[in-house]
Amino acid sequence: MFGRAKTLLLGAIVASFVLQLLSGYINPYYLDVLTGIGINIILAVSLNLINGYTGQFSLGHAGFMAVGAYTSAAVSIFLGPHFLSALGNGNAAISVLFLLALLTGGIVAAIAGIFVGAPSLRLKGDYLAIVTLGFGEIIRVIFRNIPSLGGALGLNGIPDYTNLFWVFSFAALTIYAVTAMVNSTFGRGFLAVHDNEVAAEAMGLNPTKYKMVAFVVGAFFAGIAGGLYGHFKMSIDPKGFGFLKSIEIVVMVILGGMGNTVGVIIAAIVLTLLPEVLRPVEDYRMIIYSLLLIILMLVRPQGLFTPRKRALAERKTT
Amino acid sequence: MNEFLQQLLNGLSLGAIYALIALGYTMVYGVLRFINFAHSDVFMVGAFAGYYLSRYFPKASLPGGFAVLIGAMLICALLGIVIERLAYRPLRSHSKLNVLITAIGVSLFLENTGQFIFGAAPKPSPVLFPFKLFNFGGLVLSSNQIAVFVVTIVLLISLHFIVMRTKIGTAMRALSFNPVAASLVGINNDIVISFTFGLGSALAGAGGILYSMNYPAIDPLMGILPGLKAFVAAVLGGIGNIPGAALGGVLIGVIESFSNGSHWSTWTDAIAFTLLILILLFRPSGLLGKLEVEKV
Amino acid sequence: MKYWRGLILAPVLLLLCTTACNKSGGGSTAGGDTIKVGEFASLTGSEAAFGQASHKGTQLAIDEINAGGGVLGKKIDLIYDDNQSMQGQSATIVRKLITRDNVIAILGEVASGRSLEAAPVCQQFKIPQISPSSTNPKVTEMGDYIFRVCFIDPFQGTVMAKFAKDTLKAKRVAVLSDAASAYSDGLQKYFKEKFIADGGEIVVDQKYSSGDKDFKAQLTAIKAANPDAIFVPGYYTEAGLIVLQARQLGITNSLFGGDGWEGPPLIQIGGDALQGCYFSTHYSSENKSPEVQEFVKKFQAKYNGETPDAMAALGYDSAMVLADAIKRAGTTDSAKLRDAIAATKDFPGVTGKTTLDEHRNASKAAVIITIKDGHFAYVETINP
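Residue numbers (numbering that gives the first Met the number 0), protein chains in the order written: chain L, 0 to 317; chain E, 0 to 295; chain Z, 0 to 383.
Extracted from the complex, chain L is given alone in its bound form (with noise of 0.2 Å):
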């Protein structure tokens, strides 16, 4: 079982390398589209590890993104030049900075979930989830006030680094590590502590450890999504990584069914190309779309691919 994930891991980033390298035969605004789309893959199944599977009502997960697009951010622009410097600016040097980069966005959001999970993680349900609103808010208040970080103007001048090969290689990665984490031994102990808290800790499970885990990893992913985003619309301003971002996120989550990654990927394609679809009728565009947010959930309100309502309990590894 293993083995065979490992394959289709290797080979959706040889497939994305491959697509990478097929994107100057794509339109542009496809381009621009498809890459929303996998940043929104990322954003959706790490927040499933937190709300989906772990059952944490997290509202701030657009905050984690912010960290990982500024932290990313950060590095490209003022240790950039140095670096390319050093060692060239040829495609192989870039694809290093860039790496880098990301890399250090996801730990500093991790970290940064570390600090927002020990308050709120001891809180239930609706005080967990306006405590996590809460943190998305204060970090997002935060990097308005960095004038170095351009502040509440927002910072300009990223360098577009990222591609069709980054953004689905780590989609498929944060699926692989998701999907591996939850089906290991390790991994029934989130379904444990969503299902029944107490039950778990009668039984020998640390649930406090088991949201941090599923927290700070929520995180950390969160914070690479953060750092595409930052390095693909070359520009981002506090204002974007709001609550209502964080809401977009849940839609997603909730939509695709808690705790079902493959619906959840789908229901981030979905709602990353239905604003697009909906242009033509732009001025009704979020009309329809909040209705239906509505009729979705008076009509099928286990999410648009859960088969069962009770799927989560009884579902099998895939």
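Be aware that one or more of the hints could be misleading.
[Said to hold, decoys possible] Here are the simulated distance ranges between beta carbons:
#1 E:Lys289 / L:Ile113: 29 to 35 Å
#2 L:Leu243 / E:Lys289: 29 to 35 Å
#3 E:Asp189 / L:Asn205: 39 to 45 Å
#4 E:Ile116 / Z:Lys287: 38 to 44 Å
#5 E:Lys289 / L:Asn144: 36 to 42 Å
#6 L:Ser183 / E:Phe160: 55 to 61 Å
#7 L:Asn88 / Z:Lys287: 55 to 61 Å
[Claimed, not checked] Derived pair list, reagent style DMTMM-like, types lysine to aspartate or glutamate, alpha-carbon separation capped at 20 Å:
#8 Z:Lys125 / L:Asp159
#9 Z:Lys125 / L:Asp31
#10 E:Lys122 / Z:Asp271
#11 E:Lys95 / L:Glu247
#12 Z:Lys335 / Z:Asp143
#13 E:Lys58 / Z:Asp271
#14 E:Lys131 / Z:Asp271
#15 E:Lys122 / Z:Glu305
These are calculated hints, taken from the structure and not from any lab test.
The C-beta atom is built at its ideal place from N, Cα and C for all residues, glycine as well.
Put chains E and Z on the given structure of chain L with help from the hints.
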């Protein structure tokens, strides 16, 4: 000293409005255990209802102003009841998360439909009550701010009376303790829930009118930030606790006011949340909330 | 099998996406018999007044040009899109206009922050961008394909500093600026530099964020410092509220600002409180010169009697300058078009003679407007 008092006054007036909105959040949560994301948009509808209603009543007059206020409250109450009936009731047996998403959908729907119908550009809100500035030796208080205090206090007292002294209020409290037991003793849960929504929405509508009186630029997205802060206020005071919501609202209003007037004004948004996190760390159920023990 | 519903839904949506995409209808091939020009503007949202005005001016110019036979024998097809006054949309819109709609130039935007978002994209694809009224200097610094037909904030800040000192006779000024707007932040910086250099004193420096409604806290702090006048370099929505709340707090001094004040909502919101306040802008419809009056008449004829403001006039000029450059270049080839735009000299615009300098900015006079009895009234012109 004068500046301090003035900022305090500003903060109390802002806090009163947050308190009104927070009351709605906390009431719905108390009875249904769910966060009504669309509440902040009912607040916005209240403000717009006032904008259109004021055309039928004399401007800048006490009776006219009250008529608009009551009218807006009624419209919002109706809106709240309709939303509950259509979007939340069918999901009552489902997980809370689904209702949450539906609430988000309703919120987005109201905001975007509002933008479509009213246009996204800010509109000037009409003068409802006759405007006068009162000057107490350097301290400035406007008649609009006085209106905010008076209306808020009246509504608070009325709410307290309804919840504590009337039959339906008792039913609400029973429902918040245990919905199943409540229906067993003959309470019609559906009616009580509708009533709760209507009441909470009416308060939001009042908040919308008072807000638009003091900050006369209304737009379809005006509810988002005040709604978020009021929600924080409700949680701060202990979600489900009515006096707590009022306390939380005033606290946040005052702190915001002092923060905005200082060098830290760009950190104001973060301050409300930091306060919330700190308080929840030491009192996980909020300032006045009851600690819920989980029984297994 | 298990996910059949989802698996059907997803490809269907993808199919929809590839077919249902072109907003401006037919003509998605390059060249052809029209010249495609792209425009991005804030047609809805908090700065909708700016975007609508500027778009109307641009549309008027395009219609006029097409009525006269177009440029280089072809009609101009204006493809425009709305960024909803929000961050994050402009870059995607501009990229779509350039790569899918194949426009040869981009017109936009009024707000400096959003022009800054789009500029790197235009520069990357080497498509000239002409901003009608973004005044932050950084916009044209983004690259040599980025132009503007208006003055820049270092000039505007200087103008208001001189105005404060000479006309308002203010020695001690308080500044209340928007920390979330590139425009406001830049303008207050330049104002302060010049005002202090001329011997004035900034007694209080307060900030707010666009979208805020309550400024009483900041205004209370300002009142306590007792300035001679208050500089508010923000956009009209907040400016209106600020002036209103200032008066409610008992502040009687003059408040003044920059071209961001110019929008009908300013008076709708601020009302009588605005009496005796001032702001700088690019043009006044009361200008008696024949070009301006003719433009005003044409605009009123097309738009139901509406009088054009500075944003509309600049939107008009940006399109006219572009058309003129296309004519001079004799081609829509991007490099030659860029050079032709850069060579614009003494173009007779309705906002004044427009010459683009080596930084691709225009050097124009500023006009001071005051609010009297509920409408804008011209005070004076200040030349560079």
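Practice prompt. Sort out which numbered hints this structure fails and list those numbers smallest first.
Written response: none
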